[in-house]
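Engineer: Sequence:
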Amino acid sequence: MIPPAKDIKQDPNAFTSTQLPRDGDWGQMTTSFGAPITDDIPPLTVGERGPILLQDFHLIDKLAHFDRERVPERVVHAKGAGAHGYFEVTKDVSHLTSAKFLSQVGKRTPMFARFSTVIPESGSADTVRNPRGFALKFYTEEGNFDMVGNNTPVFFDNVLASFVDIIHPQKRDPRTHMFNPDMFWDRFTLRPVSFHQLLIQFSNRGTPDGYRHMHGFSSHTYKLINSEGVPHYVKWHFRTDQGIKNLKAEEAVKWAGKDPDYATRDLFNAIERGDYPSWTLYFQVLTEEEAYNYKYDVFDVTKVISKKDFPLQEVGRFVLNRNPENYFAEVEQAAFAPAHMVPGIAPSPDPLLQGRLFSYTDAHLHRLGPNYNLLPINSPIKPANNTMRDGAMQFSDNYGRKTNYYPNSFGGPHPNRSIFEGEKDWFVSGKVGRYRKDASEKDYEQPRALYRLLDKTEQQDLVDNLAKDVSLTQPFIQKRVLEVLGRIDNEFRSRVEAFLRKENPDL
0 MIPPAKDIKQ DPNAFTSTQL PRDGDWGQMT TSFGAPITDD IPPLTVGERG PILLQDFHLI
60 DKLAHFDRER VPERVVHAKG AGAHGYFEVT KDVSHLTSAK FLSQVGKRTP MFARFSTVIP
120 ESGSADTVRN PRGFALKFYT EEGNFDMVGN NTPVFFDNVL ASFVDIIHPQ KRDPRTHMFN
180 PDMFWDRFTL RPVSFHQLLI QFSNRGTPDG YRHMHGFSSH TYKLINSEGV PHYVKWHFRT
240 DQGIKNLKAE EAVKWAGKDP DYATRDLFNA IERGDYPSWT LYFQVLTEEE AYNYKYDVFD
300 VTKVISKKDF PLQEVGRFVL NRNPENYFAE VEQAAFAPAH MVPGIAPSPD PLLQGRLFSY
360 TDAHLHRLGP NYNLLPINSP IKPANNTMRD GAMQFSDNYG RKTNYYPNSF GGPHPNRSIF
420 EGEKDWFVSG KVGRYRKDAS EKDYEQPRAL YRLLDKTEQQ DLVDNLAKDV SLTQPFIQKR
480 VLEVLGRIDN EFRSRVEAFL RKENPDL
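If you read the sequence shown in numbering that gives the first Met the number 0, its first letter stands for residue 0, the second for the next number, and so on.
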């Protein structure tokens, strides 16, 4: 009998050593259906050199399973590393949210974190210039809560339909199957709202020194609702307790060749030696009135909220203290989605967030199947209870004889309407239409402030990193880059232009 899987969320004694144990006996080898295997190497043949017989079930089963070992790779966030840990509340925030896992100081919640590069494939290097995914799954008593963020406080665009079109030009050229700087810079110069994210990406922050030395952000604004139904709008900040460290461009390239798994190895080894990484969670909190009257649109993910206007408020801390036992089962099959929320936490009107509420869950349904929530890494502590049934890979008891419809007269699951009764009504009205958001002066203000915030060395690194990449594009694209940079800061433009003219004097 195949032993039941360990509870990978709770078992602190799961074996994680990088060296395989040499003692002990793992028992009789069997087929996938439990029959003992007499020999795993030679196939069943007609004579010593004759053809292989189709009746060799174990051989056929082994090959067929091997052919299906890979699930579809994530379209984004394909290369990543993960670890288990816990989140502990350190400050009282019960006045902001009714979420039980945030209800009292000292409360601990088991969790799982996955860090990743965003654009490259699974076999790519950890140190490429790219945003980093920062995904957290909290196993709360009210269900799973996923915070699916990045290591940058902003993102490339604020329009839902653009989500596809900011990924495609960063992927491979449809003809050459190579990365194409023309595609990258053509798209983003035609949407200058992207340059806040690009300035972060081409600074040294775009190549963090491993996953332990970077901050994490919700990027989007979320809504919190307290037990009295009063809402607040909140940005989530996860600040590394290890301190920020970044790699210079030449260091990142060196490590990409020397150790493509640089960040993965650093995280795993730190946890193995007991040097557990941690991050402190802070909120930026706005009332409804403050959110809707702020000088920038707080629901625009290309903008930040100034810490001077709304200081960070400490909430808690998470610690990663256990490596996965099996990468595929726990990291590759981990499925994070912004739509996975618990009472007391809700989405905001951020249009990109609204789209991600659908897209991430839909991607998991495609990649892992309709019952991905039953996989141990994704299953909640409190078992799900609803009328959804069947589907591919339904490996639970499928709710047995319980009724599969609602309402019913036979004790089936029923909603608890009291949970959200206290929530304040959210009034929305307006004409249905396609409301275009073109670039305005406000879209250049925060990139300008970021550039001027950098010290001279950091500015020079940004200029060099950006200009080297832009120099690989056609002249008409280079001119468009300079036009956008001129709107941000004339000195910035001049420094990039001087670099480009060395390569192309006729620019």
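It is possible that part of the hints are untrue.
Pair ranges (Cβ atoms, derived) [stated by the list, open to error]:
no.	residue 1	residue 2	range
1	Asn384	Ala338	34 to 44 Å
2	Pro382	Phe498	15 to 25 Å
3	Ser305	Glu227	24 to 34 Å
4	Phe498	Asn320	40 to 50 Å
By construction, these hints were calculated from the structure, which means they are not laboratory data.
None of the values given here were measured: they were computed from a predicted structure.
Cβ coordinates follow ideal geometry from the N, Cα and C atoms, glycine included.
Engineer: Which numbered hints are broken by the structure, listed smallest first?
Structural biologist: 1, 2
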